[in-house]
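Using the sequences plus the hints, can you model the full thing?
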Amino acid sequence: MKFKDYYEILGVARGATQDDVKKAYRKLARKYHPDVSKDPDAEARFKELGEAYAVLKDPEKRAAYDQMGSQWKTGQDFQPPPDWDAGFEFSGRDFGAGAGADHSDFFEALFGRQARAAQRAQMHAKGPDHHAKVLIDLADAYRGAQRSISLRMPGLDAQGRGTLQERKLDVGIPKGIRAGQHLRLAGQGAPGLGEGAAGDLYLEISFKPDPQFRVDGRDVYLNLPLAPWEAALGASVAVPTPEGPVQLTIPPGSAAGRQLRLKGRGIPGSPPGDLYVALAIVLPPADSEGAQEAYRTMAKAFDFNPRTKMKGDSS
Amino acid sequence: MNPIAMTFIQGPVVEEEVRLTLVELCQACSAEEEHVLAWVFEGALEPVGESPQDWRFTGDSLRRARLALRLTRDLEINPPGVALALDLLDDIAMLRAKLQRIGVR
Numbered sequence: 001m002k003f004k005d006y007y008e009i010l011g012v013a014r015g016a017t018q019d020d021v022k023k024a025y026r027k028l029a030r031k032y033h034p035d036v037s038k039d040p041d042a043e044a045r046f047k048e049l050g051e052a053y054a055v056l057k058d059p060e061k062r063a064a065y066d067q068m069g070s071q072w073k074t075g076q077d078f079q080p081p082p083d084w085d086a087g088f089e090f091s092g093r094d095f096g097a098g099a100g101a102d103h104s105d106f107f108e109a110l111f112g113r114q115a116r117a118a119q120r121a122q123m124h125a126k127g128p129d130h131h132a133k134v135l136i137d138l139a140d141a142y143r144g145a146q147r148s149i150s151l152r153m154p155g156l157d158a159q160g161r162g163t164l165q166e167r168k169l170d171v172g173i174p175k176g177i178r179a180g181q182h183l184r185l186a187g188q189g190a191p192g193l194g195e196g197a198a199g200d201l202y203l204e205i206s207f208k209p210d211p212q213f214r215v216d217g218r219d220v221y222l223n224l225p226l227a228p229w230e231a232a233l234g235a236s237v238a239v240p241t242p243e244g245p246v247q248l249t250i251p252p253g254s255a256a257g258r259q260l261r262l263k264g265r266g267i268p269g270s271p272p273g274d275l276y277v278a279l280a281i282v283l284p285p286a287d288s289e290g291a292q293e294a295y296r297t298m299a300k301a302f303d304f305n306p307r308t309k310m311k312g313d314s315s
Numbered sequence: 001m002n003p004i005a006m007t008f009i010q011g012p013v014v015e016e017e018v019r020l021t022l023v024e025l026c027q028a029c030s031a032e033e034e035h036v037l038a039w040v041f042e043g044a045l046e047p048v049g050e051s052p053q054d055w056r057f058t059g060d061s062l063r064r065a066r067l068a069l070r071l072t073r074d075l076e077i078n079p080p081g082v083a084l085a086l087d088l089l090d091d092i093a094m095l096r097a098k099l100q101r102i103g104v105r
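Going down the list, the sequences are from chains A and B. Everything in the first sequence is counted per this note's numbering, starting at 1 for the first residue and increasing by one. Everything in the second sequence is counted per this note's numbering, starting at 1 for the first residue and increasing by one.
Honestly, I wouldn't trust all of these hints.
[Said to hold, decoys possible] Pairs of lysine to any residue, SDA-like flavour, derived with a Cα cap of 20 angstroms: (1) K31/A / L75/B; (2) K22/A / V12/A; (3) K38/A / M94/B; (4) K300/A / S288/A; (5) K133/A / Q10/B.
Hint data in this document are derived by calculation from the structure and do not stem from the laboratory. Treat the numbers as computed from the prediction; the structure is a model and nothing was measured.
Right, here's the structure in full:
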């Protein structure tokens, strides 16, 4: 287990006041909140911040943490000394944020026991609803699909330690579903307490990143490379779509960047989305005598200066 | 070998087929009723219906309410601040989508 320096994580001195701790946390939390930040590490950073703040904002936990001494550095191998928390009485409140098995081993080893003691005091009710994110292929949204998904759920093992339990679910993906939408699976959440019914499970849908297609709501975008003569003279080109290739007519005189709309070829629905094909012109390499000769012929055939609209001397 | 019959769990798409009551919305995002009432009061959520008992929230409210809850809990933002943040985040998402549409990634 690695030691975590919660003061370093929040960027405050060990002697910082509770106000300083709060200020530092709020500032960093705004910066790294996963709903606000696009930083790829945002989620991990934010979790770490939350953990540090959960300890340092609570005078009881902070005092217990402080008594481990200041000689420890982040990343050092660490085992809590036996009875390290002897003589500390924890009131076990204030564990709202991040309840579950989401904390680091380090946090769990020090404070996990109290967190669970606090959680036990719950009322009889319908089980809590759960949420999970699932990644599906774009093609599944076009056709509908049946998929086995595996979810990891925080739970407790026989010794009462937090674990992640693997759970498999076979789910029908309805045709026309879009990223960001939720499926509600009745009774698949947490079991009810007492006589309460089980909660529901909400699955938030995202699409797996696709090298070819970009998705925006119902609309799908694709870049289509063309040879210069296809763009200039027009052509009929096979274009991949998530539901299979279609034959697309490229009008003569198409410029690079032009977008062709294939109405109703986006994600199905009422109304269905559209598929936008952005044209890109790719020059063939002049890597043989024949190819170079072709370019020279072209240069002779055209009286063409692509820079006529530029200001200054660009002839 | 016989094909194995598998039952696949089906569920409605919340954003299209579900209208949530106040109680259901609170249950779905583990939010306290008073929080949801405050967000409605600030216009962060816009249910249809006269009184809280009759309110029906669109499926998209689920996403907004969960986001509002995270902002409240993690950043200790008050309801007017949550309403503002939600609007701004919507604007940013729209601008990002526009950038993507014109090819800036």
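Quiz item: Given the hinted pair K38/A and M94/B, is their alpha-carbon gap at most 20 angstroms?
Solution: holds, 15 angstroms
Quiz item: Taking only the CA atoms, is the gap from K300/A to S288/A under or equal to 20 angstroms?
Solution: Status holds; Cα separation ~19 angstroms.
Quiz item: For the pair supplied as a hint, K133/A and Q10/B, is the alpha-carbon distance within the 20 angstroms limit?
Solution: Holds - the C-alpha atoms of Q10/B and K133/A are around 16 angstroms apart, at most 20 angstroms.
Practice problem: Verify the proposed pairing of K31/A with L75/B, using a straight-line Cα cut of 20 angstroms. | Solution: holds, 10 angstroms
Quiz item: Under the criterion that the straight-line Cα-Cα distance not exceed 20 angstroms, is the pair K22/A, V12/A satisfied?
Solution: Judged against 20 angstroms, a Cα distance of about 10 angstroms means the pair holds.
Going through the hint list in order, the structure satisfies each hint without exception.
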